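J.: Chains as they are written, first to last, in the numbering used here: chain A, 1 to 383; chain B, 1 to 250.
Hint data in this document are derived by calculation from the structure and do not stem from the laboratory. Hints are supplied without guarantee of correctness; some may be wrong.
[As the list claims (entries may be wrong)] Dumping the calculated DSSO-like pairs for lysine-lysine here, alpha-carbon to alpha-carbon at most 30 Å:
{"id": "1", "chain 1": "A", "residue 1": "Lys159", "chain 2": "B", "residue 2": "Lys57"}
{"id": "2", "chain 1": "A", "residue 1": "Lys138", "chain 2": "B", "residue 2": "Lys220"}
{"id": "3", "chain 1": "A", "residue 1": "Lys200", "chain 2": "B", "residue 2": "Lys160"}
Since the structure is predicted, the reported quantities are computational estimates derived from the model, not experimental observations.
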Amino acid sequence: MLELKLSLKNLLGAKLRTFLNVFVLSISFVIIILLNSLMDGWDAQAKRDSIAWEYGNGHLLHKNYDPLDPFSILDGHGSIPKEVNNLTPILVHQATIYPQGRIMSISMKGGFPKNTFIKVPLKKVLNTNYKYPAVIGKRMAESTKLSIGDEVLIRWRDKNGTYDADRITIVDVFDSDVPTVDTGQLWLDLNTLWQMTGLKNEASFFIANTSYKPSVLQDWKFKSQESLLKIITDLVNQKKYQQGIIYFLLMSIALLAIFDTQVLSIFRRQKEIGTLIALGMTRFRVIKLFTLEGSLYSFFSLLLGGVYGFPLFYFLSLNGFPVPPADQKIGIAIGDFIYPVYGFNLVFGTILTVLISATIVSFLPAKKISKLNPVLALKGKLQ
Amino acid sequence: MFKNSLLSLLLIFFSFFSNCQNSSSVKALEIIKKVDNNMFADTQIMDSKMIVYGKRKSRTIRSKGYSKGAYKNYTEYLSPEREKGTKMLKLDNRLWIYSPSTDRIIQLSGHLLRQSVMGSDLSYEDMMEEQKLSEIYYCNILGEESIQNRNCWKLELVAKKEDVSYHKRILYIDQSWFVPLKSELYAKSGELLKRTTFNEIKKIQNRWYPTKINFKDVLKSGKGTDFIVLEVLFNPPIRNDFFLKSILKK
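Could you build all of it, start to finish, from the sequences and the hints given here?
T.: The structure is reproduced here in structure tokens:
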């Protein structure tokens, strides 16, 4: 208790020096929590949106179809097996779109409007008088400069490779944070796509709902929701590793300041150390006193970080962190705003890291006290 | 009695109509075969330039092509500097491109074949289709029209098989040269997709041949692409190694 009182008194007496150390450490603490919470927020948001818009409860893919390989679209489809339950088919077919006389390669995706298991608003193609009603995403609408009600010419090849062309009408533009259901894609009723391509009763993949029980089907392979989401997990982890360098640098700067202060204190306060030992304090208690002083920096930094960090965290949790439009075009699920997630592990993990590392860097210079000669220290002779 | 005479009359009418149709088709087929004879050769070496009209400026690309039959073709680009040394080899339905800047050969397939060749109105797929028209289309004469002040037959070509890229073509064939002066390519829906106009017809090695061709993707804006034949040799001997993949890195 005496050590704690003395430590507090010493730290408060040092005023500006203490404040600077505490402030630097608090910045590291706040930034580490902020960046990690943003990463966790992005991870959670991307997974939630990807499940809702694209993955459902998993995909049953044709053996030749690879969603990441456009070369596989041509042959990556097959007849819908009879024994499919809790699955909805999606057919992917390549086409060329001519918006305002420009030429662009796209994919046409067909699904059952009433039963897609995902949020793409395909129901909008029902009950229209258009020959080929289609829905597109906001990114596709932006790149093609199309809006609801616009007609645009598309050209495609049927199952035999013969060119066909006609006008499609945009009946809805949906707003999704998942670019892989949006960029360069056109969504149609599956029956319409079958009729256009001649690929009747064929699908490239199926989306499973929550009741689907995976079973072995010839020519089809099942990819669970977890394996589909692994891309996002890996990406977020990769980003976290990259940010680890920033954390390391920030923590190093803060801890170096504490270490430096401790070394200077022990050098300048040798007379005080000698007096304490002469008054009956054991060397271990003196080391404890100095280590406690260093640890208290981290405690104060948590308090100071809390003073300006909590309002900031609260504000971001309500309003989100804006994502520049350029970052949203990189092909991964990312919204206009990232809402940070402050998990228990993150906050307490960071607090513990800061406390432990500050204690260690305080203890290292304090070890020297055990080797001090108390008589010489009392005389004020430098050792 | 009256019923029988009416039936006979109808039979006579249909058989006359069908004969007319058949004779028209036979004549059309003869015309198309003569066109094929003019336009195709067993082997061919062509020095040409392609003018690609962009929104602001045009680009001229010069190349030399060697072909053998309908399924073997090798092209080397000679200018501009950016494209110089680029080589393209087509064997059957496979296409490889060699780029000197990367020193790599890539095989084009799938959607890449639908990309335009060096920004032109021609896709790689278009370049790969060199089958004789008489082999893949049913032909029919629709009438006669004047194109470029010359008398032409207007022929309708409808695909014999289902795997032909363009379901229907309308060709305007010069009646004395047996060379197309205009060609229109249609989708199955009847939508016009591409238009080709043939100009500056010259007599080369006893055959009439167009030396300036304009390809226009009508769905796309712009002036299209001009293909100008600078020199062409029909049926010259060409070494087999021109049609091996090893030629690309030579």
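J.: With a cut-off of 30 Å on the C-alpha distance, tell me whether Lys159(A) and Lys57(B) pass.
T.: Judged against 30 Å, a Cα distance of about 38 Å means the pair is violated.
J.: Under the criterion that the straight-line Cα-Cα distance not exceed 30 Å, is the pair Lys138(A), Lys220(B) satisfied?
T.: Holds, because 23 Å separates the two Cα atoms, which is no more than 30 Å.
J.: Given the hint that Lys200(A) pairs with Lys160(B), test it: the Cα-Cα distance must not exceed 30 Å.
T.: holds, 22 Å
Comparing the model with each earlier hint shows a violation of hint 1 alone; every other hint is respected.
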